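The primary structure of each chain is shown beneath.
There are 2 protein chains.
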Amino acid sequence: MTALIDQLRTIVGDAHVLTEGDLTAWEQDWRKRVRGKALAVVRPGDTAQVAAVVKACAAAGTAIVAQGGNTGLAVGSTPDASGTQIVLSLQRMNAIRTIDAANLTVTVEAGCILQTLQEQAEKAGFLFPLSLAAEGSCTIGGNLATNAGGTQVVRYGNTRDLCLGLEVVTPQGEIWEGTSGLRKDNTGYDLRDLLIGSEGTLGIITAATMKLYPMPVAQLTAWAALPSLDHAVTLLGLAHKHLGAGLTGFEVMGQFALSLVGKHMPQLRVPFLGDAAAPYCALLEISDNESEDHARARFEALLETAFEDGCVTDAVVAENLTQAHQLWHIRESIPLAQAEEGLNIKHDISIGVSRIPAFVAETDALLQREIPGVRLVNFGHLGDGNLHYNVQAPAEGDAKAFLRDEEERVNTLVYDAVEKFGGSFSAEHGVGELKVHKLEKHKSPVALGMMRAIKRGLDPQNIMNPGRVLRA
Amino acid sequence: MTALIDQLRTIVGDAHVLTEGDLTAWEQDWRKRVRGKALAVVRPGDTAQVAAVVKACAAAGTAIVAQGGNTGLAVGSTPDASGTQIVLSLQRMNAIRTIDAANLTVTVEAGCILQTLQEQAEKAGFLFPLSLAAEGSCTIGGNLATNAGGTQVVRYGNTRDLCLGLEVVTPQGEIWEGTSGLRKDNTGYDLRDLLIGSEGTLGIITAATMKLYPMPVAQLTAWAALPSLDHAVTLLGLAHKHLGAGLTGFEVMGQFALSLVGKHMPQLRVPFLGDAAAPYCALLEISDNESEDHARARFEALLETAFEDGCVTDAVVAENLTQAHQLWHIRESIPLAQAEEGLNIKHDISIGVSRIPAFVAETDALLQREIPGVRLVNFGHLGDGNLHYNVQAPAEGDAKAFLRDEEERVNTLVYDAVEKFGGSFSAEHGVGELKVHKLEKHKSPVALGMMRAIKRGLDPQNIMNPGRVLRA
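As given, the protein sequences belong to chains A and B, one line each in that order. Its first residue numbered 1, the first sequence is counted upward by one per residue in this note's numbering. Its first residue numbered 1, the second sequence is counted upward by one per residue in this note's numbering.
Mixed in with the good hints there might be a few duds.
If several chains are the same, the list does not tell them apart, and a pair holds so long as it fits within one copy or across any two.
No more than 30 Å apart at the CA atoms, straight line, and that leaves these computed lysine-lysine pairs for BS3-like [to be verified]:
{"id": "1", "residue 1": "K55", "residue 2": "K443"}
{"id": "2", "residue 1": "K438", "residue 2": "K420"}
{"id": "3", "residue 1": "K37", "residue 2": "K420"}
{"id": "4", "residue 1": "K443", "residue 2": "K123"}
{"id": "5", "residue 1": "K241", "residue 2": "K123"}
{"id": "6", "residue 1": "K55", "residue 2": "K441"}
{"id": "7", "residue 1": "K441", "residue 2": "K37"}
Hints are computed from structural coordinates only; laboratory data are not their basis. These numbers come from a predicted model, not from an experiment.
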């Protein structure tokens with residue numbers, strides 16, 4: 001292995017091959033669930049160096065784990081414990097190469113922090129709409145590798161939908177230069193979408209051409225009290241009809257999730273907190289290309305119809321940007337409030353929007369029957385059918401023991417219910433190492449067979465993030 | 001082979017295995033460029049029959065050409081001349097399985113005619129936005145297999161962007177049931193997008209779940225006179241900014257293209273025909289979720305800004321739906337007018353929007369220098385960077401001889417220029433048999449290598465539409 005390390009030092013420079021000292025930042029996953037051990041952390045400075053590193057590792061038969069901001073939630077970007085894997089960090093490749101205003105595109109290197117990309121796009125007068133909790137640390141390369149979702153998917157889609165082309169280093173260390181800014185290109189198989197979401201197992205994304213959008217003139221946010229989850233689905237349909245593409249956010253939150261925010265962050269002042277007539281609340285966002293007055297008028301027309309239909313019992317519209325941020329902040333504080341409350345089991349599931357009320361009713365009842373005292377934290381991106389259906393330990397008793405004894409059973413109950421309702425056990429977080437066995441259990445054997453054939457075809461040595469997504 | 005035919009008759013019934021009589025409809029491509037000979041035309045009635053047919057063919061080592069409406073432009077859905085290939089027609093599988101209003105999805109079988117799907121969606125109160133010239137004959141399965149584009153891509157994307165899930169029969173005759181209506185599902189490789197656009201070479205799409213949209217309340221169309229193609233790009237940017245997602249169409253047409261319509265269809269009354277101050281015209285469409293008055297006001301605000309900026313010299317806004325259809329009809333009549341004028345060489349290219357004016361100026365000059373008298377028919381979907389950059393034989397002389405002697409040279413000049421400008425030689429028509437050699441020439445060898453590895457992995461027998469997209 002010393003020979004390989006020497007080779008890597010020659011390729012990227014001594015300063016960028018880390019083998020000693022505290023490598024926690026690269027070896028420990030974001031949620032601190034698994035700690036690995038790297039043979040070395042290698043930080044190439046350009047695409048040619050990435051290709052050379054991969055070539056050297058391929059020749060040595062050494063596995064490579066690509067890493068961006070290392071903020072993933074499924075343990076996909078840290079090395080295993082063997083001490084034989086290279087972590088290839090893209091952090092130094094963080095340039096925004098070009099912004100093409102007339103083409104509405106930006107070409108950016110994989111290691112660029114999402115927030116930097118948002119800010120640079122805004123400086124150029126455009127919106128880059130991908131937005132998620134980790135945006136201050138995650139990288140666009142990681143967003144692409146995991147097909148990240150976030151809060152604007154109802155209008156702009158997942159990361160996949162924002163990408164027009166990729167630059168990729170293959171498992172053989174060759175460079176596929178595909179950073180096209182083309183909106184139509186039907187010349188062969190869709191390698192771009194195959195690489196997106198493949199979590200570093202089919203190649204390494206080094207750069208991408210992403211879509212930009214005109215910056216909306218106005219954005220408004222409303223918070224609505226809802227008599228039930230069924231009414232949330234009705235309200236979503238009304239919002240689509242009235243606002244069309246103006247609807248850029250639609251989040252739903254159950255009262256128990258909100259009560260945790262109220263309890264642990266009382267300064268946040270949650271609207272309709274504890275309102276018995278409103279077991280759910282929704283956060284709606286509208287973006288408008290005309291004016292704030294116009295946005296407000298459209299919002300009010302929507303809410304008026306919703307009141308008449310009985311699917312909203314009360315609502316507030318943010319008076320200004322500060323209030324809008326406060327409402328979003330409440331929604332985004334749920335995970336932290338959950339953590340303050342204690343240990344809990346997280347899920348990131350999706351179900352067809354129309355089936356969500358039945359799924360929640362049935363699964364809530366099932367869990368409460370099977371595990372008395374369990375507390376259900378329900379919130380998520382209803383506009384995309386994506387729920388973070390989380391399970392908090394009972395208020396009384398030992399939460400640690402609960403997790404140790406019940407996590408697997410809770411997961412099985414939830415994921416089996418998800419499968420029954422035709423849903424997905426991983427809506428936006430991916431598979432990584434954490435959900436490999438879930439994939440084997442819940443994915444169709446035919447699909448799994450196709451995935452394995454593709455993996456074998458593109459990475460016959462199995463050196464790209466082995467054991468993640470698929471086991472050998 | 002008789003044994004296989006007997007087997008197929010048992011699977012789908014005698015009436016649905018055609019071996020005699022006039023099979024032109026299945027053996028001849030849409031543009032009548034290539035006539036093939038099928039061993040048999042097989043018309044399964046459901047997915048299980050498709051799977052059984054594929055299994056029987058795989059066992060016999062017999063190649064399968066899947067076919068929908070057979071309207072493709074790249075010779076991808078007809079058999080070769082050997083008489084050994086099966087045509088598997090999906091025409092009998094044409095059911096709309098379910099419309100899920102709350103989920104905004106429709107699940108439909110591959111053989112459903114696009115126009116039927118549009119009409120059924122509209123009946124349910126929704127828009128299915130895919131729209132293209134062949135919509136009365138083409139099928140959604142063919143649209144998916146070729147990732148069809150059309151006129152609404154600037155807003156809704158290509159067929160790929162409208163699809164949430166597929167049901168597919170693999171080259172081994174297994175069924176992958178993936179007709180999910182999920183908007184977020186990160187569980188492994190994106191098999192859906194790999195199959196979409198693979199032109200029947202990786203498996204057979206038997207059904208799909210597609211997105212629906214709320215029906216717009218109003219649609220308006222305008223026709224603008226432009227001083228240059230540069231100004232068309234500027235106008236497109238203004239339209240994006242002013243109309244946002246309201247911009248649902250943006251077509252551009254050169255005066256020579258329009259003059260052919262004026263000459264051969266004088267009843268169509270082309271606005272600004274022959275206006276020397278307007279070498280290009282643009283057709284813009286706005287869709288609005290509020291009202292026709294609102295749509296008109298937005299359109300007028302855009303055009304006012306465009307006048308002030310000098311990028312539009314004159315414009316008409318359709319007064320009613322009939323006028324709007326007439327304007328679209330002019331645009332859609334260009335190919336027919338070209339045919340009336342005589343033989344011509346067609347291209348379906350895409351370039352980054354910002355580079356289109358330079359590409360056209362440089363390539364027009366190049367062609368006129370190399371082939372004196374050549375006439376350039378320029379029109380296309382500027383909003384997607386997609387031009388139908390067609391070349392009409394010189395007005396004088398033998399057009400047949402021109403095509404025979406010059407087609408290959410013209411194609412080489414055009415496609416080399418496209419490559420130089422980072423564009424695609426097939427924006428929306430695909431590769432089929434017609435452009436296999438173009439793919440080999442213009443696609444990166446690394447990408448080609450990845451495509452071949454995928455094809456070998458998924459279809460090791462090479463029985464799925466062999467020789468199309470990739471040669472063995």
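Practice problem: Using 30 Å as the alpha carbon limit, work out where K55 and K441 are close: within a copy, between copies, both or neither. | Solution: between (34 Å within a copy, 26 Å between copies)
Exercise. Indicate which option fits the pair K441, K37 if close means a Cα-Cα distance not exceeding 30 Å: within, between, both or neither.
Key: Classified as within: same-chain Cα gap 28 Å, cross-chain 45 Å, threshold 30 Å.
Quiz prompt | Homomeric proximity label, K438 with K420: Cα distance no greater than 30 Å | solution = Within. Shortest intra-copy distance 14 Å satisfies the 30 Å Cα cut-off; inter-copy 46 Å does not.
Practice problem: Up to 30 Å between alpha-carbons, please classify K241 paired with K123: within, between, both or neither. | Solution: Answer is between: at 16 Å across copies they meet the 30 Å cutoff, but 32 Å inside does not.
Exercise. Using 30 Å as the alpha carbon limit, work out where K37 and K420 are close: within a copy, between copies, both or neither.
Key: neither (39 Å within a copy, 46 Å between copies)
Quiz item: Can you tell me if K55 and K443 fall within 30 Å by alpha carbon in one copy, between copies, both or neither?
Solution: between (33 Å within a copy, 22 Å between copies)
Self-check item: Homo-oligomer pair classification [K123, K443; C-alpha up to 30 Å]
Solution: neither (43 Å within a copy, 35 Å between copies)
In summary, the numbered hints that this structure violates are 3, 4.
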